[in-house]
Amino acid sequence: QVLLVQSGAEVKKPGASVKVSCKASGFTFTSYGISWVRQAPGQGLEWVGWISNYNRNTNYAQKFQGRVTMTTDTSTSTVYMELRSLRSDDTAVYYCARDIVSYTADSWGQGTLVTVSS
Amino acid sequence: DIQMTQSPSSLSASVGDRVTITCRASQSISSYLNWYQQKPGKAPKLLISAASSLQSGVPSRFSGSGSGTDFTLTISSLQPEDFASYFCQESYSSPPRFGGGTKVDIK
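Residue numbers (the numbering used here), protein chains in the order written: chain A, 1 to 118; chain B, 1 to 107.
The shape of chain A in the complex, shown without the other chains:
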């Protein structure tokens, strides 16, 4: 079955960077893109960006442009999201999700809590 397994929780100080991984299995990795979506505590869902596992094209929400980088390693079927210059309002659960078409996510990772605190 489709499985996305994310790396564990992180605690970072303001200004630091975090890199979250998402290891995929159960499907042809290069046939799909991966979206990243975050959810601040008690809040709604916010799309961060997307990467194609086929050609490594990326599309980031303008809000995160310049601070986020998404990469993919086809040899290990793992996608990474790095967020830099962290602020307290970046505290959230970050999800990776398989994109089946046009930013429609049919399978999700378990989420990674990133806490930004001094």
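These are calculated hints, taken from the structure and not from any lab test. No experiment lies behind these values; they were computed from the predicted model shown. Treat the hints with care, since some could be wrong.
Unchecked claim - Label pairs and their computed distance ranges (CB to CB): (1) B/R61 / A/G26: 25 to 35 Å; (2) B/S65 / A/S17: 22 to 32 Å; (3) B/S63 / A/S85: 37 to 47 Å; (4) A/R84 / B/L11: 21 to 31 Å; (5) B/L54 / A/T28: 23 to 33 Å; (6) A/N55 / B/S56: 25 to 35 Å; (7) B/S26 / A/S17: 30 to 40 Å; (8) B/D105 / A/R67: 29 to 39 Å; (9) A/N55 / B/S26: 23 to 33 Å; (10) A/S88 / B/A13: 12 to 22 Å.
What the hints assert, rightly or not - Mimicking BS3-like on lysine-lysine, the simulated pairs with C-alpha atoms at most 25 Å apart in a straight line are: (11) A/K23 / B/K42; (12) B/K45 / A/K23; (13) A/K19 / B/K42.
Stated by the list, open to error - Selected chain B positions facing chain A (Cβ under 8 Å, derived; list incomplete): (14) S49; (15) P96; (16) G100.
Glycine included, C-beta positions come from ideal geometry on N, C-alpha and C.
Since chain A is already given, all that's left is putting chain B on it; use the hints.
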């Protein structure tokens, strides 16, 4: 950017009730509308894509309708496992936007 307005933000209902959640887009999104269910501490789950296409394994008591700017998620007979939050999402534009969510709890 497209804005998605979901209503109500919360509702209380009983098992067996018919529940309707609406989602309105700030501009036409054709049928590029998805519905997700999220339970506390869990990742969202895709219920319906393209406004009305039920995902495999999702009970038939869930249905979606609408096109253009107005959409509806209906649960025909609420079951105990349906108490959760529901989010709409437009997949028409970039960035794709989510509605603010509807929390369905027990009356």
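Hints and how they fare:
no., hint, result
1, B/R61 / A/G26: 25 to 35 Å, "28 Å, holds"
2, B/S65 / A/S17: 22 to 32 Å, "44 Å, violated"
3, B/S63 / A/S85: 37 to 47 Å, "44 Å, holds"
4, A/R84 / B/L11: 21 to 31 Å, "40 Å, violated"
5, B/L54 / A/T28: 23 to 33 Å, "24 Å, holds"
6, A/N55 / B/S56: 25 to 35 Å, "28 Å, holds"
7, B/S26 / A/S17: 30 to 40 Å, "34 Å, holds"
8, B/D105 / A/R67: 29 to 39 Å, "36 Å, holds"
9, A/N55 / B/S26: 23 to 33 Å, "32 Å, holds"
10, A/S88 / B/A13: 12 to 22 Å, "36 Å, violated"
11, A/K23 / B/K42, "18 Å, holds"
12, B/K45 / A/K23, "18 Å, holds"
13, A/K19 / B/K42, "21 Å, holds"
14, S49, "5 Å, holds"
15, P96, "4 Å, holds"
16, G100, "5 Å, holds"
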